[in-house]
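Novice: For the protein sequence lines, the chains are S and B, in the order given.
Quick note on numbering: this note's numbering labels position 213 of the first sequence as 213, and the sequence is numbered without any gaps.
Quick note on numbering: this note's numbering labels position 287 of the second sequence as 715, and the sequence is numbered without any gaps.
A portion of the hints provided could be inaccurate.
[As the list claims (entries may be wrong)] Cβ pair distances, simulated, as ranges:
1. 533(B) with 167(S): 41 to 49 Å
2. 456(B) with 164(S): 53 to 61 Å
3. 303(S) with 876(B): 35 to 43 Å
4. 69(S) with 691(B): 54 to 62 Å
Treat the hints as calculated values from the structure; they're not laboratory data.
Glycine included, every Cβ here is placed at the ideal spot set by N, Cα and C.
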Amino acid sequence: MADLRINLAGIESPNPYWLASAPPTNSGYQVQRAFEAGWGGAVWKTLGEPIINTTARFAAVGFNGKKVAGFNNIELITDRPLEVNLKEIYETKKRFPNHAIIASLMVEPNREKWHEIVKRVEDVGVDGLELNFGCPHGMAERGMGAASGQQPDLVEAQTMWVKEAAKTPVIVKLTPNITDITVTARAAVQGGADAISMINTINSLAGVDIDTWNTIPHVAGKGAHGGYCGPAVKPIALNMVAECARNPHINVPISGIGGISAWRDAVEFMLMGAGGVQVCTAAMHHGFSIVEDMIDGLSNYLDEKGISSVQEIIGKSVERYSDWGNLDLNYRIVARINNDVCINCNKCHIACEDTSHQCIDMLTDPNGQKYLEVREDDCVGCNLCSIVCPEDGAIDMIELPQEQPPMTWNERQAVLAGYKDNEREAAK
Amino acid sequence: MSNGNRAFISLQDLQRNFDEVKSGLTPAEARDESNRCLYCYDAPCIQACPTGINIPSFIKKIASGNLKGSARTIMESNPVGASCARVCPTEELCEGACVLNDSTKPIMIGDLQRYATDWAIKNEQTLFKAGEKNGLKVAVIGGGPAGLSSARELALLGYEVTIFEAKEKAGGLNTYGIVSFRLPQKVSLWEVQQVEKLGVKIKTNTMIGRDIQPEEILANYDAVVLAVGMSKVPMLRIDGEDLVGVHDAIQFVEETKTKELSEAYIGKRVAVIGAGNTAIDAATCSVRLGAENVKILYRRTQEEMTAYDFEFEFAKQDNVEFRWLTAPKRIIGDEKGHVKQLECIRMQLGEPGADGRRGPAPIEGSEFLLEVDVVIKAIGQTRFTDLIESFGLEHQWGTVKVNLETYQTSNEKVFAAGDVIFGDGQGEAMVVTAAQQGKKTAYAIHQALKNSIIETA
Chain S
1 MADLRINLAG
11 IESPNPYWLA
21 SAPPTNSGYQ
31 VQRAFEAGWG
41 GAVWKTLGEP
51 IINTTARFAA
61 VGFNGKKVAG
71 FNNIELITDR
81 PLEVNLKEIY
91 ETKKRFPNHA
101 IIASLMVEPN
111 REKWHEIVKR
121 VEDVGVDGLE
131 LNFGCPHGMA
141 ERGMGAASGQ
151 QPDLVEAQTM
161 WVKEAAKTPV
171 IVKLTPNITD
181 ITVTARAAVQ
191 GGADAISMIN
201 TINSLAGVDI
211 DTWNTIPHVA
221 GKGAHGGYCG
231 PAVKPIALNM
241 VAECARNPHI
251 NVPISGIGGI
261 SAWRDAVEFM
271 LMGAGGVQVC
281 TAAMHHGFSI
291 VEDMIDGLSN
301 YLDEKGISSV
311 QEIIGKSVER
321 YSDWGNLDLN
331 YRIVARINND
341 VCINCNKCHI
351 ACEDTSHQCI
361 DMLTDPNGQK
371 YLEVREDDCV
381 GCNLCSIVCP
391 EDGAIDMIEL
401 PQEQPPMTWN
411 ERQAVLAGYK
421 DNEREAAK
Chain B
429 MSNGNRAFIS
439 LQDLQRNFDE
449 VKSGLTPAEA
459 RDESNRCLYC
469 YDAPCIQACP
479 TGINIPSFIK
489 KIASGNLKGS
499 ARTIMESNPV
509 GASCARVCPT
519 EELCEGACVL
529 NDSTKPIMIG
539 DLQRYATDWA
549 IKNEQTLFKA
559 GEKNGLKVAV
569 IGGGPAGLSS
579 ARELALLGYE
589 VTIFEAKEKA
599 GGLNTYGIVS
609 FRLPQKVSLW
619 EVQQVEKLGV
629 KIKTNTMIGR
639 DIQPEEILAN
649 YDAVVLAVGM
659 SKVPMLRIDG
669 EDLVGVHDAI
679 QFVEETKTKE
689 LSEAYIGKRV
699 AVIGAGNTAI
709 DAATCSVRLG
719 AENVKILYRR
729 TQEEMTAYDF
739 EFEFAKQDNV
749 EFRWLTAPKR
759 IIGDEKGHVK
769 QLECIRMQLG
779 EPGADGRRGP
789 APIEGSEFLL
799 EVDVVIKAIG
809 QTRFTDLIES
819 FGLEHQWGTV
829 KVNLETYQTS
839 NEKVFAAGDV
849 IFGDGQGEAM
859 VVTAAQQGKK
869 TAYAIHQALK
879 NSIIETA
C-alpha cells in the first residue's frame, strides 16, 4: 500500500485530505469525529471576533435533478468565543497528535492584533496557520477577508506581520474574486508565506425564486451575495492552482481547494501542483465517512501505477500547462464515429451542424440502416461531438499523423518577425 | 434493460441454455445506478444484509471508479459476496430495505454488487492478506459458504486452517447446487481461490469417517468448525421410486454443473415434486435440457411454498406449470422399468400446524394419472446424522444444537454453522446467513482461544 503521508510546508498529516475551514470544522466534537473517520487534517473554522450570523445561510444549485452541483453560503466565521475554540483545539490535538490542525485566522489589518492571535493559537499547539484573506461576504464590509485579500499590498503586509510572530508554518488562503490570482499569490510569497491555499469561495447568488421573486437564500426578503463552492467550481480552482504552480515566482507549496469530492479530484489537484487538498462541500453533502473511499481509491490508484508515495505525483502535470501561445498549431485530431457502438441519437450531428463546423453527415446505407459519418477533412477536432455523445466509446478523437513540424503561435510570430527583419535588412 | 430473461431454448446447443440468464450491468448502467444511491447514513440496507456489507460505501466506490475498493468492501463482510450478488433474495433483504422504495425505486444493489465482484474476478484481484500466524490450528469440515467464510476469517486472524471437503471442489451449494444459469461455477470457484490464497489448505475428495477419523481431527486441531450442510433428498416413500427416470433434485442439478449436459430429456414430460427453491431449480433445468412439459406438484398452495417470489416468477417465465394441492401417490413404470405415469391425489388444507402452515390432507377418491417420463424429487434434504453423531454432538433430527451466541456445539471445541444448524426453528437457509454464521464461528473461536495465543506467543 502506497504511503499517503504528506508534508506541506512542514505540516505533516497521515493523508492529503484536510477539511477546509468551514462549518464542518466549527468545533472539537466535529473535528474529532472527522479524524476518527480518517481525515488527515482540519483547518479549524476561522477564529476571530465574536460574530453574528443570519438565517438562512446556505443554498445549493442542482443540475438536471442531481443535488448540490454547486453550493452557496453566507455564513460567517466561528460563532463561538475564542477561549472555547482554543480549549477544544488543545484537546483535539492532544487526542490526535499525528493529525494536522491548522488554525484559520482573520483579524483587522492591524499588526498587534495579528501578533496577539498568532501567539494565542500557537500556544495551544496548532501545526500551522491559515490566513483567511478570502471570505467574500460579511467580513469584507469590515475590511477583512476578501477586502484585504483583493489588495496585494495588504496581503503582503499582513502576511509579514504574521510571520514576525509565527513559529509554525503560515498558509495564506487566497480569494478567487480577483482578475489574476498570481498577483496576490506573489504578494503572499513576498510577505514570507510558507504556503498558499486556494480557492476561497466565489461571489455568487444561488438563484431567484420565480414565484416570490426573493433571492435564494433570502433573509427576511433580502439577499446578498454569498460564496460559491462545490463540484461546479472545480475547474476554476484547478486553473488557479495550476497558474500559481507554474509561476516561477510562486515557489511555495499549494493547498488545493475547490470542488474536491472524490479521490480522482484530489489526484488532479495534486498532479497540477497541490501538495494536499482541502474539502468541505462533499463532507457537508454526505458526512465525514466519504473520506474512506477518498483514501482507499487514492491508495489503489497509486498501487496500480506502482507509485510508492503520494508526494511523488505532486506537480507532475504542471509542465504540461502553459500559455495558448505555446500550443502546437499543427497538431490535428478528428472525430471518428464507431457505428457498431453508436445508438443513433444524432446529438453529435446536430451539435456539429448547428453550433460547430457542419462535418457530421447523417447517411443511410444500402440496407436502409441509418448511420453517421464524420467528413474528416472538414473536422476541426473541437471535441464537441464526443462531449455531447451519451454512449461510451461511440466517438473517438483520433490523432492524425502530423503533416508539418510542430509550430506554436509564439514560434510563428518569431519566425515572421525574423522574416520582416530580413526584409528590412534587404531593403537597406 | 439488458437483463431480461431468456425466452428461447435451443435444442441444438443445450450448453447455451445454461449460460447465465441475466447479463451484468454495463459500465454506463453501473455509473448511472451507483450515482443514484443516496449514500444514506445508518443505512437500512446495511441492517438488512445478514453479513452487514457496507452497501453505500461499496456503491460510492463504484461511482468514484475505485472498483477494487468496492469489491474489497463487499468481500470483507461477505467472503461469498460474488455468489450472493446473484443468489440473494435481495428484494427481501437489502433492496427491500432501500429508502428509495418509498420515493422512486430501490437501488439495484445485487446487480451493483455483481458489477464490482465481476470486475475483481475478471482482473484477477487478490483482495486480502492472511494475518500473522498465531500458531493455532483449526479444522473446517465442509467447504461450502459457511465453511469458506469461517476459514477466511480465521486465516485473517492468523490461524492455520484446513478445510476437509468431501467433493472434488470446494464451494458447496454455490459450486454444485445452484443452477449455472443463475450462478456460474467459476464465480464460486473464484471465492474458493480467494480463501486458498490466504494459505488455507483445502483437502478435497476427503470424507470424514472414510479418509480421516473424527478423533484424529479433534486431537490434532485446536478447534473444529462443522459446516457440512445437508445431504440428498429424502425418499418419497411411495411405490415406483426405484424406476428409471426418478431423480434426486440435488443430484440432478449437480449433474448439470459437473457433467456434459444430457440430451436424454429433450421432448420429455417432467414432474417435479415440491415447491422450494431446489424444486424450481430442477424444473428450470429440465426446461433448459429440452423437456417439452415441466410441472411442479405441490401438496399445499402457492401461499405455503418456500420458493422465493423471484424464483417462482422465473419458473413461470420458463413455462413451468404449477399444480397446487397435488401429491404423488404412486409412480407407474412400463415393462422396461421406466417411468410412465404418476398417480396423484388432490389435497385440501386443514388448520395451521405448529409451524403456522396449514397442513394438507388427501381428498378421498380424487386420484388421477399424469403421463410423465421423469419424476424429480425436491421435498427437502436429509441430514448427515451419522457424521454429526461421529463427533458426538447433540442434535435434533440431524440439526446440530448450538449456542446461538457462540455457535458452540455440545462439544466446546466444535462450532457449527450453515445448513447443518438450520432447522427445528433454528437459523435460516440462505447462503448469506451461512456466510455470516461462518464469520461468527471464527470470531467465537478467536474469543475462546485468544488467551492461548498469548501463552504460546
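Novice: All the hints need checking, so say for each whether the structure fits it.
Specialist: Taking the hints in turn, this is what the structure says about them:
1. 533(B) with 167(S): 41 to 49 Å: Given a distance of about 58 Å, which is not inside 41 to 49 Å, the answer is violated.
2. 456(B) with 164(S): 53 to 61 Å: Given about 57 Å between the Cβ atoms, the range holds.
3. 303(S) with 876(B): 35 to 43 Å: 36 Å, holds
4. 69(S) with 691(B): 54 to 62 Å: The hinted range 54 to 62 Å holds for residue 69(S) and residue 691(B), with Cβ atoms some 59 Å apart.
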